[in-house]
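S.K.: Now for the letters of each chain:
6 protein chains.
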Amino acid sequence: MSTSQLGIVKRNIARADRAVVERLSAFGAATVHEAIGRTGLMKPYLRPIYAGGQVCGPAVTVLLHPGDNWMLHVVAEQIQPGDVVVAAITADCTDGYFGDLLATSFQARGAMGLIIDGGVRDVKDLTAMKFPVWSKAISAKGTIKATVGSVNVPVVCAGALVNPGDVIVADDDGVVVVPAAGALQAAEAAALRESNEAEKRRKLAAGVLGLDMYNMRGPLEKAGLKYID
Amino acid sequence: MSTSQLGIVKRNIARADRAVVERLSAFGAATVHEAIGRTGLMKPYLRPIYAGGQVCGPAVTVLLHPGDNWMLHVVAEQIQPGDVVVAAITADCTDGYFGDLLATSFQARGAMGLIIDGGVRDVKDLTAMKFPVWSKAISAKGTIKATVGSVNVPVVCAGALVNPGDVIVADDDGVVVVPAAGALQAAEAAALRESNEAEKRRKLAAGVLGLDMYNMRGPLEKAGLKYID
Amino acid sequence: MSTSQLGIVKRNIARADRAVVERLSAFGAATVHEAIGRTGLMKPYLRPIYAGGQVCGPAVTVLLHPGDNWMLHVVAEQIQPGDVVVAAITADCTDGYFGDLLATSFQARGAMGLIIDGGVRDVKDLTAMKFPVWSKAISAKGTIKATVGSVNVPVVCAGALVNPGDVIVADDDGVVVVPAAGALQAAEAAALRESNEAEKRRKLAAGVLGLDMYNMRGPLEKAGLKYID
Amino acid sequence: MSTSQLGIVKRNIARADRAVVERLSAFGAATVHEAIGRTGLMKPYLRPIYAGGQVCGPAVTVLLHPGDNWMLHVVAEQIQPGDVVVAAITADCTDGYFGDLLATSFQARGAMGLIIDGGVRDVKDLTAMKFPVWSKAISAKGTIKATVGSVNVPVVCAGALVNPGDVIVADDDGVVVVPAAGALQAAEAAALRESNEAEKRRKLAAGVLGLDMYNMRGPLEKAGLKYID
Amino acid sequence: MSTSQLGIVKRNIARADRAVVERLSAFGAATVHEAIGRTGLMKPYLRPIYAGGQVCGPAVTVLLHPGDNWMLHVVAEQIQPGDVVVAAITADCTDGYFGDLLATSFQARGAMGLIIDGGVRDVKDLTAMKFPVWSKAISAKGTIKATVGSVNVPVVCAGALVNPGDVIVADDDGVVVVPAAGALQAAEAAALRESNEAEKRRKLAAGVLGLDMYNMRGPLEKAGLKYID
Amino acid sequence: MSTSQLGIVKRNIARADRAVVERLSAFGAATVHEAIGRTGLMKPYLRPIYAGGQVCGPAVTVLLHPGDNWMLHVVAEQIQPGDVVVAAITADCTDGYFGDLLATSFQARGAMGLIIDGGVRDVKDLTAMKFPVWSKAISAKGTIKATVGSVNVPVVCAGALVNPGDVIVADDDGVVVVPAAGALQAAEAAALRESNEAEKRRKLAAGVLGLDMYNMRGPLEKAGLKYID
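Protein chains in written order, with this note's numbering: chain W, 1 to 229; chain A, 1 to 229; chain Y, 1 to 229; chain X, 1 to 229; chain D, 1 to 229; chain H, 1 to 229.
If you are wondering where the hints come from, they were derived from the structure by calculation, not from laboratory data. Honestly, I wouldn't trust all of these hints.
Label-pair ranges, simulated between beta-carbon atoms [what the hints assert, rightly or not]:
id, chain 1, residue 1, chain 2, residue 2, range
1, Y, ALA191, D, ILE228, 55 to 63 Å
2, D, ARG193, A, LEU184, 41 to 49 Å
3, Y, GLN185, H, GLN185, 32 to 40 Å
4, H, GLU221, A, ILE228, 43 to 51 Å
5, Y, GLY110, D, ILE228, 39 to 47 Å
Even for Gly, the Cβ is constructed at its ideal location relative to N, Cα and C.
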């Protein structure tokens, strides 16, 4: 993490346009990742705590210290309905920063889910509450409240830069960050991509080979591929 | 692992009081971990082989060698109904030490589950049998029976010291060791903690912020937190 | 990976006998692994994308480059009904090489499943399609089509050597490779082993100890095991 | 990585002031990391290829694809004497992106060293050339030249955001990123810290305890610390 | 870690006998590990910060929290000449807990070295000071001083149980814990082992095979080994 | 590992031609890896126990069980001067399989070095003896002698297939396997490559850019690269 604004809570952030977020929410993480030129993907060690969860919403960000979840209470106040909380940590830590009490609070504030580059606990309760979390670990280990971090500053979470207000798209395939300014373009590119895919899927299901559908035989031969018996 | 009693089976161990274990069984691993001062947690790389399993019972311990599960047959005889078997290994190993046959035997002896700092196999069968296991790996690789270890000696399992008779509390959040002598105090502290949580949960669900419920605004300001627009 | 035949597609391979594959399909990966002398097991970091999937079929192999899935289109044409595709990569890579479009194509060609020493995506779709995959990672990250690899050459996948036509047996316990020439013997050994297990399971469920059933008490004493109170 | 400017080479970047970089070069990574409020540290999995290397200079950044080092040739042209090249990759990859030929070119252009979130090779030559590299892996595996990335865009490297022109301070303790705008303040804070440390070191060497030098006994007692015999 | 005595400093501990420690110091970690029945070995992820360091001395133990090195100042006061400090952490953490200032203090108190299940920094200085450290990571990241832990309680460090006063033997091969009560026996067993090794080494250097020297040919044949041409 | 010949020692193997091995020994692992089409590289987690070691010689292979080094004594007898021992293990294991006694024996037999997909110990002695080892771990943990494996069967070591007699080329960049039949061609390709490199190195040192030397500007522009100010 390389932002230097520790001890700051930014109250007003420019969230991606609500209608655009709505459009983006129709697409999965892999499609959106392609639509924005294969950028903004968090590392695959982040995994959902249960299968089938899906979120799409503007990021409110929070920067935490190892073993210290104090700022999760601070960020709760900044949540607006539809937001996704993105929590980065200044060093690797697998402690359980978040459990059913904080989830109750986040859900009451309208949060859609949590992305955290650390651990969570009470996962059976979170699953029952249908509060999706993508985390690095599951751990019963609690945290202290001793050091201030920041809220709504740019953070690096699981290898991806997140600016507050960016759109987070997460599902079983992982977590993608769409810059707020590029969200509309992303939604359009995703829609285009998806419409193409339906036709391709139909052909492939009918037995057409990708080799033919994509005209790959020539390029493969040119690249030196040889068939032998 | 640093015990030096290899080749020993201790038959009589002081199990935590049955009534106390019963009381502790009402609580999850995270609550119990808090209740005993955040100690005794095994490392989060131990994961349940299926979601939703939960055990609470006295530990019978076994110390195994890499790739050798001979002592699992020895420990089977020492199991009493309600026990949880805790298996440590003298070096890192992901082999599948335990499968459906041993599980059948353990279950017949009354074991509640297995905690193993190694691998297991036949996980589909174990799931169907509802025999919960927390392990480091799943592997079809079998083991040999060549070297003796020990049963009911103190062991270090996944980073936590376990004395035979200690109470093991495990669920989806992980595995916690409660020293037998502290089990009653742990149950009381857990009950107190849980009763407090119900009220907190109600408030948070109603939209009260942790910031206010826990009176954090003053300390945060004192620690230098600044709000900007 | 140490084969040196890059840029080759072998069209005719000697698949294990269909009837033998049928017999082998009755057994799980752990049983088969035992039946062939504990060899041929892929590393346990390969995990199924959903629980309960099971495949048994001849391997068609493909060697890919990091971040490049071009050859998955080439291998599709070589799939015959009942085959299992085994994809090795020339270096460690977690990219999502395979998603719902390729799965549609593979399924249309009759493939039973995919074993890949890399990442996959669209796992929700793959689960809905009941197309089982054993992979090293799940990642939304796509791949390019720039460099040729090979199809139906010997490959090393997750630590195991796979020759085209070998039988792949995979379930929740992992992935095992059975050399085509040894498949019949493997099926017979597995059947023998399984028949023995039923009787053992019955005894163990009735409370008989492995110590007695396997006559271990003498050897344990001879190895120096001591019981104390 | 979440920048979206693929296929771009930015020629003019605002490098941190040369005199300030000179001042910063007097301090190690740990001191500078403290001086900027414990931010900007790359993950500790980045290790120097030989002990004792040290660099301080403005970053020229490059974004690479897995298994593809084409853009390292592009970034070479943008190097000015004293620069440190920072190479991020769009997905995890341990391939050897960089060896003695590229090092010869980088050194001829005046580069001080390389920070790369991937692998390098020819490390014996690089050591003999005294060209320091901090990398994630050492691997003889070469890379292709097929896909364009970008040069001098913001990148996330080993968990830290790097803007072109930021100052990179690296030694045996790791790699720290100092935002160009904060470099002067960082140098001053580092100097202050270091001057304090000399006096502290003298006292500690004379046997004074940190407990007394930092007046910790009161706070420790207040925090509940108890001494027993 | 499963001790429950947080917030305690034990001043009087029973250190292993000085003369016995002196005798043990003649042997390396591998020899001592064998001499005590292959127990007490810390996990191999602990590595020395420089090659060639070697320590043998009684353990003073300290239990730290993630990201918090406050107790390292507390433990400094409990060090007696010849001691080795063993630092465990209540959760995984790679932060740099220890640097040249603390090393100056520890060295002034007579400490021989540090074993820490976390990170250290200023490794170039520590190397110059000849203060050997075995650690899990090297990281420029500093720590806070907010939460009390304990000193001279039993701790689990890198998978091994350490009681205060136990003898720590560490070199390039790793770190071994010898229970204080078993130190004399360990020294004698190590001496016996070493005297045997000199003779074996001479024979092996002369070309005698271990097969013959250890009379393995019979057992190998009995175990089924077959020679083919 | 997927060979099924357990319990076999093959005495006569076809070693790569001595003169060819001599020619290959002039080149490093990275050059040879390129020369054979980027195949045969072991995974980069294998690291030399000391910097600067280099071996080139025919492989004698051995397949070991986890925690069991019995077969290292068996393989010793099969070593001929100039050979490199390659040790694979049937499951992941970090135990110290090899130390100064076995090294003395191997060296007496003429072995050049050891490649092992496990751990070694006595590394200070091995370094002093100048016996190079590439291993996965360093560990003081010893092994037992209970189960037979095989010698001079094909093995998979650190992800690469090794047939007995193949040439092993290892240095600080890693370990490469050259099939015996391809060794001459590899030596010629390596020589060609190296001769080209000298000229390239000279140009690059003189400040010529790879962009120009390799005529990359056109292809980069065609691939969409744009320069901005």
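S.K.: Please go over all the hints and tell whether each is borne out by the structure.
M.R.: Here is how each hint holds up against the structure:
Between ALA191(Y) and ILE228(D) the C-beta distance comes to about 29 Å, which lies outside the given range of 55 to 63 Å. Taking the beta carbon of each, ARG193(D) and LEU184(A) are about 47 Å apart, inside 41 to 49 Å as hinted. One distance hint, 32 to 40 Å for the beta-carbon pair GLN185(Y) and GLN185(H), holds here, with the actual separation near 37 Å. Distance hint check: the CB atoms of GLU221(H) and ILE228(A) are about 45 Å apart, consistent with the given range 43 to 51 Å.
Taking 39 to 47 Å as the suggested C-beta distance range, the pair GLY110(Y) and ILE228(D) conforms, at roughly 41 Å.
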